[in-house]
Structure formats: structure tokens, C-alpha cells
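Participant: Single-letter residue listing:
4 protein chains.
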Amino acid sequence: MEMCNDKETLDTIVEEANKHTSQGKVADYIPALSLANPDTLSVAIFQNNNVCTTSGDINEKFTLQSISKVLSLAVALMDLGEEEVFSRVGKEPTGDPFNSIIKLETHSPSKPLNPMINAGALVVTSMIEGRTIDEKLERLLSFIQELTGNPSITVNEDVAKSEFDTAYLNRSLCYFMKQHGVIIDNVETLLELYTKQCAIEVNCEDLAKIGYVIANDGKDVDTNRPIIPLHIARILKTFMVTCGMYNASGEFAIKVGIPAKSGVSGGIMAAVPHGVGIGIYGPSLDDKGNSIAGMKVLEALSERYNLSIF
Amino acid sequence: MEMCNDKETLDTIVEEANKHTSQGKVADYIPALSLANPDTLSVAIFQNNNVCTTSGDINEKFTLQSISKVLSLAVALMDLGEEEVFSRVGKEPTGDPFNSIIKLETHSPSKPLNPMINAGALVVTSMIEGRTIDEKLERLLSFIQELTGNPSITVNEDVAKSEFDTAYLNRSLCYFMKQHGVIIDNVETLLELYTKQCAIEVNCEDLAKIGYVIANDGKDVDTNRPIIPLHIARILKTFMVTCGMYNASGEFAIKVGIPAKSGVSGGIMAAVPHGVGIGIYGPSLDDKGNSIAGMKVLEALSERYNLSIF
Amino acid sequence: MEMCNDKETLDTIVEEANKHTSQGKVADYIPALSLANPDTLSVAIFQNNNVCTTSGDINEKFTLQSISKVLSLAVALMDLGEEEVFSRVGKEPTGDPFNSIIKLETHSPSKPLNPMINAGALVVTSMIEGRTIDEKLERLLSFIQELTGNPSITVNEDVAKSEFDTAYLNRSLCYFMKQHGVIIDNVETLLELYTKQCAIEVNCEDLAKIGYVIANDGKDVDTNRPIIPLHIARILKTFMVTCGMYNASGEFAIKVGIPAKSGVSGGIMAAVPHGVGIGIYGPSLDDKGNSIAGMKVLEALSERYNLSIF
Amino acid sequence: MEMCNDKETLDTIVEEANKHTSQGKVADYIPALSLANPDTLSVAIFQNNNVCTTSGDINEKFTLQSISKVLSLAVALMDLGEEEVFSRVGKEPTGDPFNSIIKLETHSPSKPLNPMINAGALVVTSMIEGRTIDEKLERLLSFIQELTGNPSITVNEDVAKSEFDTAYLNRSLCYFMKQHGVIIDNVETLLELYTKQCAIEVNCEDLAKIGYVIANDGKDVDTNRPIIPLHIARILKTFMVTCGMYNASGEFAIKVGIPAKSGVSGGIMAAVPHGVGIGIYGPSLDDKGNSIAGMKVLEALSERYNLSIF
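Protein chains in written order, with this note's numbering: chain A, 4 to 313; chain B, 4 to 313; chain C, 4 to 313; chain D, 4 to 313.
One or more hints might be untrue.
Put simply, identical chains are the same to the list, so a pair is met inside one copy or across any two.
Said to hold, decoys possible - In silico SDA-like links for lysine to any residue, alpha-carbon gap of 20 Å or less:
(1) Lys-64 - Ala-39
(2) Lys-291 - Ser-90
(3) Lys-291 - Ser-111
(4) Lys-28 - Asn-40
(5) Lys-291 - Phe-89
(6) Lys-10 - Ile-105
(7) Lys-291 - Pro-112
(8) Lys-114 - Leu-83
(9) Lys-10 - Pro-41
(10) Lys-114 - Leu-172
(11) Lys-164 - Glu-191
Derived by calculation from the structure, the hints in this document are not laboratory data.
Input sequences plus hints: build the corresponding full structure.
Facilitator: Structure, rendered in C-alpha cells:
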């Protein structure tokens, strides 16, 4: 696989993509997110031999938001196994919005359709091992630190608190599932953990490294040591394709064809199977909640370097 | 209107109705309710001149549960007026279950369809006036004490606590509505008030008196003094017909034709327009959540005394 | 019951109501209906002793449309009995639109919720007795002729044809129910019958007479002869209250409190229990599909003569 | 890519898979399908150099059913272009059943979510070019004959007629979409074409060849001549992954990871990107409508030869 490894080409692609930011807008439902600069765009491409090509201000930090759903799922699968995890959350994509509650009522049992919609992600987070919130969060953080090789990664407590205070819809989803025995935990405790998980702060280089490990069957970039078992890395890529980009997943799969997961902070983590990992930060979102410029970058890279898995 | 006023006839009707209790079962989702004796059946018919014909153990107490929705609606309408109340809750019957959340997502704005389903009742309770829970509860209790002339009516705190602890579905409804600005209050505080409202304890004579006042355009039985304005009493009767008996309201309207509201405790409060008030307690419920024997009593009375409004 | 029987008062009420026609618009989805004059308003009130007070051009004809649902239900109930009819159509009001298909898929069995929504009305029409369309239509027509004492009532074939050709949504409902065995007939034949039923042409005096018979327990106005059995007349009034005015039935019950059924032609047939029958034609519709001026007339009459059943 | 090319290994895999047929059952809603032998299992793997490894009775014919949705989509995309086709059908997977009508009512505009559910496939078929049914069918058949190199492929008229006569649900979907302008054609004509499309008869070798062309960017096996443009072949593979296996697509993507499309006849057509094409016939279906033994074969092949795209 030939791949972009010169900064100049990447800069050109990024510059081109950045022209589209004005068509979207920054997420405004969380105060902390609404302060982001809509014209920012940073990209990192992580390849073998520790080569990382970047463009834009790669030191700019942002919170994982929905990207964290892939990582909590990895942890839950590693700790509890496929059977246990998928007894409580499904594997099927859905045409409903990521925060919809309808299927929980119409489906019996009221098991969320997949781990990438909020209901499913909340169930997955409730399966992270640990006796206390701190232990559970530590479990997740140390996994992410290992993936990125960046021990300084931590939670942005302001964002976490801001989200926790206004997480009414997620509370609604949780209590609905608690009524039906799908969630057993105390809901407020679970939400505290979940909002902290969403508020874990990274930069686009961190995301690129995470993508690289997932792309390469879960192996550590430097040492070739397995961090995620192969079959779990494959599961993650599958969900990234079928439901990684909210309600534009199908269109994205056609246009770009790279497993990817976006968050409302404007981050995208992409994993080209047996190839590169890509991290993007561009907070101007389209109406589906995906980074407008980020999608353009991935589209350009996929076309130019023939990265589609299809 | 000729009406049953001899105990003997009523005893016969009650005895006949009581044969059906074994077809149902006592509500089991609240521990306190599950202890009820399924074979109990008590009935009180309140007529003019303070005549009250009764059958069964009329001293047996039970909690209002959903019957309280009629009374909180009365209070909200009296305190805030029709316009304000119906800007936040609709007037239309629904074919969905009383605890359904779907319409809150599919309808825009996410205003509950009517005040007799849980979502609507929760909004109504949030409109009871008072600066604290105690004040709001006092507002409701004093209204019920005035309606019944029974100053000893109060909350069964055990039932209230038991319901509060397990009210996950109502929490889910509340947080969903809070997300959409339909509920503004603190949810936990609102639920405390709501579960206390549902746990107000009465006997069937109390219910009969309440029904009598509503039946007779809101006037106090003894003094003819208006307790509820005429147009509000009419609104209450209307909701009792179109949505008073859960998802059997339509069938009940055809078969019995008396405005009535049931609760999962097994109580039914019925108001024959410009006629009698009827209170019933029979905790064995059918699959829709209505008192099996209670429905039979009302069916027999309606047929015998031609009470249908249609 | 005191009731309006002088033309002058009625003219005043009609004149007042007619000021609201500009807020609505004539149904435009059927060419024949779209030609109606939006400012027309005619009203007839039928009382005992053959007194009929009228206002406006009472010779103006219009098609029954959804008002026919009440009459086909009467015929099916008389011919097949309650048990058979309600084994195939429900009795419960619904918050869904009259032409919604969703509940047919989510409910099991896929039995329509009530006979006033299109799905339910189509099932009811499929139960009208007769070996051929002509026989079935004749059955219905002769019933309506008997009710009105007007042997000239017949189908407006142009309207029928126009509706038949564009009845895609009703076809969709029919085929869905045929899939699930709720409709057994040939769908095209059923739709031909149904669109003819909807296109039966009357004037407001005819409607008033129909309302009068239903109001008075099914008895013929002149001879006191029963045309509709008492318990069926009661069923009709019940459905008219719980689902007679589309998705404004609940609000109408509160505001007016008279059993009534409207059609998109702008007709309303109302039946004050044990009182008068009212026929109205005012083709300017509100956004729920009810005659704007017609609703105002009924509101004024109900208030002035205290006609609410509640 | 190493791949199975010895009959012995394939026979072993097939034998093993065949043990599971008793857990499923043959589709019974179409008489012609219900006659299939549930224990039949035939598999063909088409590789480069015209190598085709087979197992079982590869001469047994079966109808394409839903597999045809991939081929009609290919034709529509080639004839009308992406923009036109996707203006009338979406690209997103759905958690709803393949024959669900709900989203057509709740979504606005009522555009089907994707071309693999029935509603979407019907819209796609309505876009096949031709002035008459015969011309349109000929367009599709000649495309399939070219793909397979088998000029004898044609429609099983008995199956087509049997499906046409009972296609009530598809009629319902069509008329619903016609109401909303998504389908413009005459519905009966469209259904005749659609049921003929579904009744096109192939054997598993034909399917393997089709899969091979799609797998290899649309190029003809022998001549390397492009039959399907590369970007359209990619679109087909994408839909096969996100929605090819009914409501088990997500699980199949995880477990097997090969683009595949199944039909209720028991056929599966699979396309390993830049690798082999696989055709399977095993009419015993699981509760999602997929060939039980066919899924097992694909699972075994994917595992053994590492065929997952993820």
C-alpha cells in the first residue's frame, strides 16, 4: 500500500478540505465544545516504522466523545469476552439516530441494537471492570495510554462536568434500560463514568496511533506486542464501518470505505486495515455530527491512495 | 335518574362481580401493592342528600395511583388556567400504552398527548403550585380533603418510598422531557412529589364523594359550594371517558359509558354526569391494569340504571 | 332540553362562525372537493315533531367522506353483530393520524385500532353484506335512505372515480391488512366500494336527520320505529366522541362535548344524546381536517344550549 | 491470497456445514420455494484462471430472490448514475426488518433507507431502463447473462406468478411510496417486473461467477473486460457488507467479514474483494432468512483462508 508520507501533499489535501468548514458548525449543546475554533483542522497519519506525517496544529487537544465508544468496547470485550458483551448489546446497524429511544421500547428484549449508539455505549461502559468509578476509569485510561504510548492522556474534568450536568437524554436512556434490567448499575454513577470517558482528551497524533493499532490487528506499533486481540480488533473495525459515522455510515462506506469513528468534538479516528492509522481534528460538523473537513480529508486520501476496503 | 340505593341490590351486584376476581391478578411491580387481597371488593355509591350506599369492607384503604392524575389535573387547571396547562400537555387520546415513550420522540414538540398517560401526568404534577415539595403536596392534599370532607387523608409513605425507589420508567420519561424543555423542574424532586401523589390513601367512600363532586359540575355535596369550576369538572369527565381506563377506555365507554378513572391499586372513581359518584376497590386487575370486579360492578350498574352518557 | 328553533338565532350563530372560514382551506387532494366554495356554510338542526331549523343554502350537496364510516359501521354491526365486527377492528382511540400505517406493523395481530381511522373503516366496509359491490352499496344506500327519509340519495360517481384513481394510501393500508389476513376481499373491489361509500351525496338536512336518529337511540323520527338497535346507536355515539373529529377529537370533546363525525368534504354530523341531530356543511377545513366554521357553530350551540354530555 | 481450490477440502467443509440444516427451515410463504429439499447444499468457488471448485449438486437451480437486488442496483447505477439513483433511495443500513413500512411513514421524505430492503429494491427496479416490462427484464437478464457467461439464464415463470399473486406486502409498500411520489410507475406493472426479477433462476456456479466479477472491481473473468464500472462494483460490495444479510448483516460482518447477499431461496452470493467469488445454495433458512448451512460454509472459509476485509 502506497501512502501519503510527505507533509507537502498532506498540507495540500488539508488546505483543500479546510475550504468546507464554513458549511458546518461547531457542536453547541455542550458549552466547552461550543468554544472550539471552527476553522481548525489538524491531521496525523501514522505508518509503520513510526513514521507520522502531520498537518495543522497537532498539539491542539480535543475530547474523544463518541470515539471513546470504540475503546470502551475494546476493554469490555477483552475483560468479559464476546459472549457476555453481546448478550447485552446487539451487533446490527440501525437507521435510527444515535440518541433514539424508540427501539428500546419496540424491541423485546430492550437490548440496544449496537455499541455505537448511545444506549449501547452506555451498556458497554457499565461493563468496564472495576469496583469504583475511579478504578473503571483507570482501566480505560491505562488502555488508551498504552495504545497511544502517551501516559499524559487524561480526562478534561470541565467538559465531563458540563456534559454530566446536562446529560438528560442519556439519563432517560439509562433509566429506560434499568427498568428493563439491561443496565444494573446506579445510573448517576454510570453517567459520571460515561461523561468522563467521553471527555478523555487527546490530540490527532494520539488518534492516529490508536487507529494504527486497530488497523494492524491490535499490535503495538513499536514492539509488535499485541495490545488488542486480533478478533477484537476486527470487531472494532466492523462496527466502525457499519455504524461509525452516525447516520452517514452507509454513505461514508461507499465514498471512503475506511473503518472510522467520529465524535461531536470534531475528531475522527480511522483505521485502514493492515495499513495506516489516521487521526483528525476539525470541529466544524455537518448535520449528521461528523467533521466536515475531516470527511473531506479522508475522502481525498482514500481516492488518492486507493484505501477503500471494498 | 333512578339509582341503586338499597344495600341488598348492591350486595347482589358485588357478589356477582366478585366471581371474576380469579381471572386477574394483583399488581406485583410495587411490593406494597402485591400484598393486597385479590378477593376484596368494596363499593360505595354517593347520591344527593348525603346518601351513600355501600357494600364490602368500606374501611379498607388503598392508594390512588393513577386516579390521582385526575385530581392533580384539577389543581393545575384551577391554579394556572386551561391555556397554560394545555400548552404543556395535549388533549388527545392515544392508542399507546400509558407508560410509552415513543410519541415523545416522534412528535414535535415532544409534548405528552394527554394528562392521563404517565408522561402527561408528570408534566401536570410539575405544574402544581408551591415553593417546596411539602407545599405542593399540601396543595393537593388539602384539595382532596376538601373534596371528600375527610381531613385525615394523607400519603402512605411506605408505598411512596417503594415506588420512588423503582420508578425507573418514570425517571426515563422525565429526563426525556427535561431534555426537550417540557419539564423544567429537578427530576428527582418531581418524582418524589409524583410518587407521593400516587400514594395518597383513600377508601371507596372517599372516592365516591370525589366522583360525586366531579359528576355534579364541581359542587360540594353538602353545601352546594363550588369546589371545582364547572368547566374544569367537565374537562375531567371528558378525559375520564376518552382515556380514563388505560388502553380499554374505548371498550369501557361502549360497554359502560360512565366517566371513570382507574388505578393499579385496584381503585376506580366514577362520575355519572349530573348523577352519582361511585368508588370501588378491587385489587385483582385485568391485563390492561383495570380492576376486574370493579369493571363488572360498573357494567352491571350502568345496564340496570341506564347510566351511559351515550 | 331547550334548543335553538328559531332561524334568526341560528342565522346569527352561522354568520359569526362564518368569519373564521378564511383561516382554513378546502381539501385539495381530490379534484372534485377542491372546487368547493370555502365561504359556504349551511346548518340544519333536526328536533322532535319534525321541526328542522336551518340556515344557509341547505340544498347544497356534498359527499359524506369520513362521515360514512359511522354508517357503514352501523350496517356491519346490524348485519354481523358486535362480536364478529370487533374481532376484526378494535375499539380504542389512537393518537396516530387517521391514515397512519405504523400501528398495523407494530401491533400484533395487525388489527386496526378503531373503525374511524381509514384502516378500520376499510375493514368495516369489507364486512357489509352482499354478493356483489352493487348489492353491498345498495345495502348501505338503502340504510341511509331509510335514515334520512330521502330516497334520492345516491353516489356522486365523479367524486368516487376521482378518489378511486388516487387512493394509493388506502390501497397500501388494504394490501398490508390483506397480507395479515385482516382483509380477505379483493382489494380493488373493496376500494371501489369504499370510495363509492365516501362519495355518497347528501345535504345538511339529511345529515341532521341521521344525527337525530342516532341521538335518539336509533328510532325513526316520524314513526318512532327503531332503525338502529339502541345498543348500536350507543356504540356509534361513543366512537363519535372518542374518535369522531380526527386528531382533534379530545379537544372537541372538551370544548363542545357533542358526539360528532366530520369528513374532509367539510360535512359534520352531530348527535346530541336524547336531543337533536345537527348537519353542517362548511368546506373550509382546519389543519386537522375538520370544518372550521362547522366547529365554531357546534361550539356556540353547545355553550348556548348546554349540550355537552359531560 | 491463498484460497481453497481442492474439491476434497471443500467437500469436508460442506459436509460439516450440512449438519446444521435441521436447525432451520425452508421458506414456506411461496409454494414453489417450500418444495425445496432442506438438506441440499451446493457450493462453487470461482477463482482466477477460470478455476471453479465445487461441491454438491451444482446443477441444482434456484431463484435469485433478494440476491437480485444487487444486480438491479448495478443496472440502475450504470444506466442512470449515482446521483439520480440515490436521490430516490438512501444509502444507510437499518435495524428494521427488510419488509418494514414504518420508516416510510416516519421519515420525510418517505425515501427508503437503502436498496437492500424491499421498499428500496422496488424503487430501484422502477428505475431499470426500458419502455416495456419485457424490455426492462431483458435489460436485467442480458446483464446477468453477461456476468455469468450463461446465456440460458431466464425467469422461472411459475415462481414469478406465485410470488406476484401473493405479493400483498410489496404492493402495500409500493402504493405507500406511490402516494408520496417515490414510485411513479404503475404498481401492478412494477410488481410484475419485480417478481420476475426475483424469480430469475441460476445455479451456484452462476452465483460464484457474479461474485467474482463484483469482487474484482467489475471485470469480466476471462477477458478482463469491465462489465461493471469499478466505483459501482465498490458500491455493491459496500451494501452487501452493511445490509446484505438481512437483520444479521452486522453479526455476519463480524463473524465472516465477506461482502455477501442472501435470498430466501437459500442462495448466497459472496464477493471477496480482489479475490474469489462464491455461490452457495442451501434452502434451509435461519430465523433471519439466511441459509443456515451457507453461513457456516462462509464462516469456515473466512476463518481458514483469512478472508475477512476487516
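Participant: Classify it for me, Lys-10 with Pro-41: is the Cα-Cα distance of at most 20 Å met within a copy, between copies, both or neither?
Facilitator: Answer is neither; intra-copy 22 Å and inter-copy 59 Å both fail.
Participant: Checking an output row: Lys-291 and Pro-112, CA cutoff 20 Å. Within, between, both or neither?
Facilitator: between (28 Å within a copy, 17 Å between copies)
Participant: At most 20 Å between C-alpha atoms: does Lys-64 with Ala-39 qualify within a copy, between copies, both, or neither?
Facilitator: within (10 Å within a copy, 60 Å between copies)
Participant: Between the shortest in-copy and the shortest cross-copy C-alpha distance, which are at most 20 Å for Lys-291 and Ser-111: within, between, both, or neither?
Facilitator: between (28 Å within a copy, 16 Å between copies)
Participant: Indicate which option fits the pair Lys-114, Leu-172 if close means a Cα-Cα distance not exceeding 20 Å: within, between, both or neither.
Facilitator: both (17 Å within a copy, 15 Å between copies)
Participant: Treating 20 Å as the Cα threshold, decide for Lys-10 and Ile-105: within, between, both or neither.
Facilitator: neither (46 Å within a copy, 49 Å between copies)
Participant: Please work out whether the CA atoms of Lys-164 and Glu-191 approach to 20 Å or closer within one copy, between two copies, in both situations, or in neither?
Facilitator: Cα proximity of Lys-164 and Glu-191: in one copy and across copies (12 Å, 19 Å).
Participant: State whether the alpha carbon distance between Lys-114 and Leu-83 is at most 20 Å within one copy, between copies, both, or neither.
Facilitator: within (18 Å within a copy, 40 Å between copies)
Participant: With 20 Å as the alpha-carbon cut-off, assign the pair Lys-28 and Asn-40 to within, between, both or neither.
Facilitator: Within one copy, since 10 Å is at most 20 Å while 48 Å is not.
Participant: Given identical chains, is Lys-291 near Phe-89, meaning Cα to Cα at most 20 Å, within a copy, between copies, both, or neither?
Facilitator: between (27 Å within a copy, 17 Å between copies)
Participant: Indicate which option fits the pair Lys-291, Ser-90 if close means a Cα-Cα distance not exceeding 20 Å: within, between, both or neither.
Facilitator: between (29 Å within a copy, 18 Å between copies)
Checked against the numbered hints given earlier, this structure breaks hints 6, 9; the rest are met.
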